[in-house]
Amino acid sequence: MMRKIILGVGFLLAAQGAQARSVWDGAYTEDQAARGATSYQQNCGRCHGANLSGTFEIPPLVGRFVPYWSGTTLDVLVEYISQAMPLGRPGSLSPAVNADITAFILKSNGFPAGTKELGTSASDQKAITFDSMPPKKRAKAR
Amino acid sequence: MDRRHLLKNSLALGGVMGLGGCAATPGAAPGAAPQPVSTVPLMDRPPVLAPVRARADRFFDFKVCLRPFRTKGPNLDVEQIGDAMVVHNYGHGGSGWSLSWGSADMAVQKAMSRSPKEIAVIGCGIIGLTSAITAQRAGAQVTIYTRELLPRTRSVRANGAWTPDSRIALTSEAPANFGQTWEIMARSSWKTLRQYIGIAGNPVAFSDHYYLTDAPRGTPQPVDATVMPLPPPTWAGAPTHGEDFARYNDRIRDITSFPQQLTPDINPFPVKYASRSTNLFFNFTEYGHLLTNQFFAAGGKIVMRNFHSPSELGHLPQKVVINCPGMAARDWWKDKAMVPVRGQTGWLIPQPEVNYGLTYRNVQILSKSDGIMVIALENGELKGYNNSDESVNRAESDRAVKVIEDLFARFSVKQA
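Protein chains in written order, with the numbering used here: chain A, 1 to 142; chain B, 1001 to 1416.
Looking at chain A on its own, in the form it has when it is part of the complex (with noise of 0.2 Å):
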């Protein structure tokens, strides 16, 4: 029973401090989402268009990509990225590249750059909470 409390606890703490960073908060560097654009236009631009905008049969990556990823952390996108995509070899891209190809994408729907990296593990993905609206707006939302 303590075991679960204590457990309880942490995880309030862990999920408190991950509302502490955001995608507002810049989660990923210029240098990076530049590499993560080569990337893209190599491994994901024929089907989801050069400007992210799909076509009439792809979904675009920009747009209402927002409210179909938010409301959850990043370690869930750059999961999915990792595993599905690209459609025709899934699985095939390194996790230095589904990162920095996260990053263009997160740049490319307005998301700011900031100082660090958006990093390869798990973890600190999921530190990112992946919110469709900038903090203040959202205070104001509630």
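Please keep in mind that the hints were generated in silico from the structure rather than gathered at the bench.
Certain hints may be false.
Each computed EDC-like pair below joins lysine to aspartate or glutamate, with the alpha-carbon atoms no more than 20 Å apart [claimed, not checked]:
| id | chain 1 | residue 1 | chain 2 | residue 2 |
| --- | --- | --- | --- | --- |
| 1 | B | 1336 | A | 25 |
| 2 | B | 1383 | B | 1398 |
| 3 | A | 126 | B | 1312 |
| 4 | B | 1402 | B | 1244 |
| 5 | A | 107 | A | 31 |
| 6 | B | 1383 | B | 1244 |
| 7 | B | 1319 | B | 1077 |
| 8 | A | 126 | A | 25 |
| 9 | B | 1334 | A | 79 |
| 10 | B | 1402 | B | 1079 |
| 11 | B | 1334 | A | 75 |
| 12 | B | 1336 | B | 1079 |
The model shown is predicted, which means the values in this text are computed figures rather than measured ones.
With chain A's structure known, arrange chain B on it following the hints.
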């Protein structure tokens, strides 16, 4: 439209014959032997067929689909996620449109065992939509959660012919009793589809299909040297022959038409061998609108949403969920039995006067209200296996339409 077309043609025919009766057999050399009169009963003779304007510049659309093939056959299992009961309904390969209602019946039967007032359906392809409507008909309030609506789902990129056992399972991996399950599904689907035949816009309709060959059917056909052979399979257990795919159509022979050989005197095509059957097909635009409207008319709701993990289903307000993600099950549910099978169709500008389909030299065409579908079939069931390239290969469609163009370049309207 068809009746009008037939009437027009028979009038034209009557006119020609009438004139022929007045003139002294125009064009015929004096003393030439008279044409033999066919003894085939009139009812079995093909009607006058309008030619297809098969030219690559008449393509107005191309679609690439990934058939959600599951080596073990469709997943119809039930599992508990949190406090939600999840009934799976995905993995119908090339048979989704055909089996949808029967599969929906099975899923809804399981879902209703909990007496839910509300049911969630995940996905809005043909399986999701028919599951949702079937659940409504069973008395539930239904919400569809989907990231795409029907016109943009992979379902609408199919070719739209009734093909209930097309890439439905691998013989070696399908459960022993799957043939029986399939038959129940196919018969139940057929009964429901039958309710959609004959209504305005022909959402579901029958048309004649001609199978044309240069050598007798069942014997080796001339090989097209321009068609690339398939690469060898890349993993153990992959199918290598068309026979590796389970076939069940013989189980429902009593309700489907049998191909009829056309004797040379009534063969309307410039090829040596022809047979004909009458097959069911779907007019996607009309049928899709109809189903969507039926869903809304019965109080259905649609929520645009992307799920990140199966555990999220446990947090939905509805505690009974019918899961119809199609090909997305591979990545979302991590179902390793799912294998994409690529299929590409080209669409020629509609010709309402063409009321048939045909298959010739590994190319199939089917005239539908929203276009004439053209699909290359070389390599049979193995074509596109484990290929998830959803980009259009224009050359594939151009090559296919050329086969049909050459056929109709030699076509002259023979009279029935």
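**Item:** Numbers of the earlier hints that this structure fails to satisfy, in rising order
**Value:** Violated: hints 1, 4 and 10.
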